[in-house]
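*Asks:* Below, each chain spelled out in residue letters.
2 protein chains.
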Amino acid sequence: MTVRQLPLPDLVAACADLGVPAVGLWREPVQAYGVEAAAKLVRDAGLAVTTLCRGGFLTATDPAERARALDDNRRAVDEAATLGTEVLVLVSGGLPAGSRDLRGARERIADALAELGPYAEAHGVRLAVEPLHPMFAADRCVVSTLAQALDLAERFPARQVGVAVDTYHVWWDDGAPAQIARAGAGGRIHTFQLADWVTPLPAGVLNGRGQLGDGAIDLREWRAHVEAAGYTGPIEVELFNDALWARDGREVLAETVERFTRHAL
Amino acid sequence: MTVRQLPLPDLVAACADLGVPAVGLWREPVQAYGVEAAAKLVRDAGLAVTTLCRGGFLTATDPAERARALDDNRRAVDEAATLGTEVLVLVSGGLPAGSRDLRGARERIADALAELGPYAEAHGVRLAVEPLHPMFAADRCVVSTLAQALDLAERFPARQVGVAVDTYHVWWDDGAPAQIARAGAGGRIHTFQLADWVTPLPAGVLNGRGQLGDGAIDLREWRAHVEAAGYTGPIEVELFNDALWARDGREVLAETVERFTRHAL
Numbered sequence: 001m002t003v004r005q006l007p008l009p010d011l012v013a014a015c016a017d018l019g020v021p022a023v024g025l026w027r028e029p030v031q032a033y034g035v036e037a038a039a040k041l042v043r044d045a046g047l048a049v050t051t052l053c054r055g056g057f058l059t060a061t062d063p064a065e066r067a068r069a070l071d072d073n074r075r076a077v078d079e080a081a082t083l084g085t086e087v088l089v090l091v092s093g094g095l096p097a098g099s100r101d102l103r104g105a106r107e108r109i110a111d112a113l114a115e116l117g118p119y120a121e122a123h124g125v126r127l128a129v130e131p132l133h134p135m136f137a138a139d140r141c142v143v144s145t146l147a148q149a150l151d152l153a154e155r156f157p158a159r160q161v162g163v164a165v166d167t168y169h170v171w172w173d174d175g176a177p178a179q180i181a182r183a184g185a186g187g188r189i190h191t192f193q194l195a196d197w198v199t200p201l202p203a204g205v206l207n208g209r210g211q212l213g214d215g216a217i218d219l220r221e222w223r224a225h226v227e228a229a230g231y232t233g234p235i236e237v238e239l240f241n242d243a244l245w246a247r248d249g250r251e252v253l254a255e256t257v258e259r260f261t262r263h264a265l
Numbered sequence: 001m002t003v004r005q006l007p008l009p010d011l012v013a014a015c016a017d018l019g020v021p022a023v024g025l026w027r028e029p030v031q032a033y034g035v036e037a038a039a040k041l042v043r044d045a046g047l048a049v050t051t052l053c054r055g056g057f058l059t060a061t062d063p064a065e066r067a068r069a070l071d072d073n074r075r076a077v078d079e080a081a082t083l084g085t086e087v088l089v090l091v092s093g094g095l096p097a098g099s100r101d102l103r104g105a106r107e108r109i110a111d112a113l114a115e116l117g118p119y120a121e122a123h124g125v126r127l128a129v130e131p132l133h134p135m136f137a138a139d140r141c142v143v144s145t146l147a148q149a150l151d152l153a154e155r156f157p158a159r160q161v162g163v164a165v166d167t168y169h170v171w172w173d174d175g176a177p178a179q180i181a182r183a184g185a186g187g188r189i190h191t192f193q194l195a196d197w198v199t200p201l202p203a204g205v206l207n208g209r210g211q212l213g214d215g216a217i218d219l220r221e222w223r224a225h226v227e228a229a230g231y232t233g234p235i236e237v238e239l240f241n242d243a244l245w246a247r248d249g250r251e252v253l254a255e256t257v258e259r260f261t262r263h264a265l
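As given, the protein sequences belong to chains Y and X, one line each in that order. Going letter by letter, the first sequence gives residues 1 to 265 in the UniProt record's numbering. Going letter by letter, the second sequence gives residues 1 to 265 in the UniProt record's numbering.
Incorrect hints may appear among the rest.
To be verified - One-sided and incomplete, this derived list gives chain X residues near chain Y with beta-carbon spacing under 10 Å:
| # | residue |
| --- | --- |
| 1 | P9 |
| 2 | L95 |
| 3 | D101 |
| 4 | A138 |
| 5 | A147 |
| 6 | W171 |
| 7 | A178 |
| 8 | P200 |
| 9 | P202 |
Unchecked claim - Anything over 10 Å on all C-beta distances counts as not near chain Y; from chain X, calculated:
| # | residue |
| --- | --- |
| 10 | D44 |
| 11 | F57 |
| 12 | A60 |
| 13 | D111 |
Since the hints were derived computationally from the structure, they do not count as laboratory data. Idealized CB from N, CA, C, for every residue including glycine.
Using the sequences and the accompanying hints, generate a full structural model.
*Replies:* In structure tokens, the structure reads:
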């Protein structure tokens, strides 16, 4: 998503050129290209798929809407398995229109995980519940902290449900390092993502994630936290940023590699 | 601030007309009107002053900047005392330019409170550390949760330092009800403020606070939390909202009274 301006074949080629060994993919471009074809493309290039983003949106109260969401998440599991990634990232969903019941919405996510966890496990895929920054609590994700994500995940086996740790979402939380340790001890850090925090936030706040090194987050310190918790998996860089998307994708990818080396290694 | 378009005399008259018994004031319009004159204005109208907003911005590392901030906060204490309010609200400040050290910034707030607390007490004023929503952590307030605010406040006597509970800032936090109980048990809920959470957030995210009832927050539930914790003080409505500021101030104030009655009582 950091370089969503690159068509899938160009992305794969650019990763190969730059020595990027693995990539996180999003469902929409994968579906547009064809899931089997995308799987072959990355496989032939020797590129691993870190995670598939994203399933989720599991907070609906309407039964038909809820059934559709579960169906869609099973499809996402299938796609992840086809792509050869073990991790499907879940963005849980916000409050239904007119609702003020955060607690109820969080409980419906647990209900959905109970249905999706065994399905994912049967397909060799683990679900990663991603807490999103509290500024998304109403309209995108009622799971706002690692503690909340783990409270949900720990109702299920770690081989079914874990969490995604994203610096952008947790950096402000002085309780997060302890929660990372808790997640690591349970084998539940299913992915680790980097983005920097820059201000002012844009309208809608979705596409203001900062290039590594441009903002307020000590990325190296957070990497040390997940590594101290035993995490040895890939590190993803996930930037939603209108300014980066407007530039040449290969140039942004090269810059991101350089920033990663300078600020996170 | 909800009706900052109203000059101070108009605000005082409108409160009297609508039966609003008390008002929170901001420093800038009070200073522009004259602190003594403003104090006489509200006193003569029989209007109580709930709080003065705001002091704070205590995170600078530069010694001269730091000294200026402490001076300014002592002036704010003086102004609060003159206005006859017992509470000065503090917005702690963000990270200094280029800094990534949240922990250090929070510690400098404690250092400042150690200087300001006794001064405030000597003037009959209590300081209320206000946790701001985590989306403000970098550029406005490194204190993001009630737990963090209380960790700071509890280093000092409750008659010197407590917290401000604002629904807009804490509503997403499932740990906040327990922290409200903690604050109440210590006599540290120094004010309680209402605003609703509406999306999408505007650019810069500062002036997107929603009119009561327009958003995702169960205001009545939060009022129940602070009252269960023993809070019997005033309830303030604090809306930063460009759309409300563009309207007739008396109309907005009347609407706010109606919304307060409908959604918070």
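*Asks:* Next step is simple, just say for each hint if it's right about the structure.
*Replies:* Okay, the hints, checked on the actual structure:
Checking P9 of chain X against chain Y: minimum C-beta separation of about 34 Å lies over 10 Å; hint violated. Annotation: L95 of chain X was flagged as interfacial toward chain Y, and the flag holds, the nearest CB pair being 6 Å apart, inside 10 Å. For D101 of chain X, the shortest C-beta to C-beta distance to chain Y is roughly 8 Å, which falls under 10 Å, so the interface hint holds. The beta carbon of A138 of chain X comes within 4 Å of a beta carbon in chain Y, closer than 10 Å, and the hint placing it at the interface holds.
For A147 of chain X, the shortest C-beta to C-beta distance to chain Y is roughly 8 Å, which falls under 10 Å, so the interface hint holds. Hint on W171 of chain X holds. Least Cβ distance to chain Y is approximately 8 Å, under the 10 Å limit. For A178 of chain X, the suggested interface contact is broken, since its CB lies about 12 Å from the closest CB of chain Y, more than 10 Å. Hint status for P200 of chain X: holds, given a least beta-carbon distance of 5 Å to chain Y, under 10 Å.
Hint status for P202 of chain X relative to chain Y: holds, with the closest Cβ pair at about 6 Å, below 10 Å. Every Cβ of chain Y is farther than 10 Å from the Cβ of D44 of chain X; the closest lies at roughly 41 Å, confirming the non-interface assignment. With a closest Cβ-Cβ approach of about 16 Å to chain Y, F57 of chain X is found to remain outside the 10 Å limit, as its non-interface label requires. The Cβ of A60 of chain X sits about 16 Å from the closest Cβ of chain Y, beyond the 10 Å cut-off, so the non-interface label holds.
With 10 Å as the threshold on Cβ separation, the claim that D111 of chain X sits away from chain Y holds: the shortest Cβ distance comes to roughly 18 Å.
Checked against the numbered hints given earlier, the structure breaks hints 1 and 7 and satisfies all the rest.
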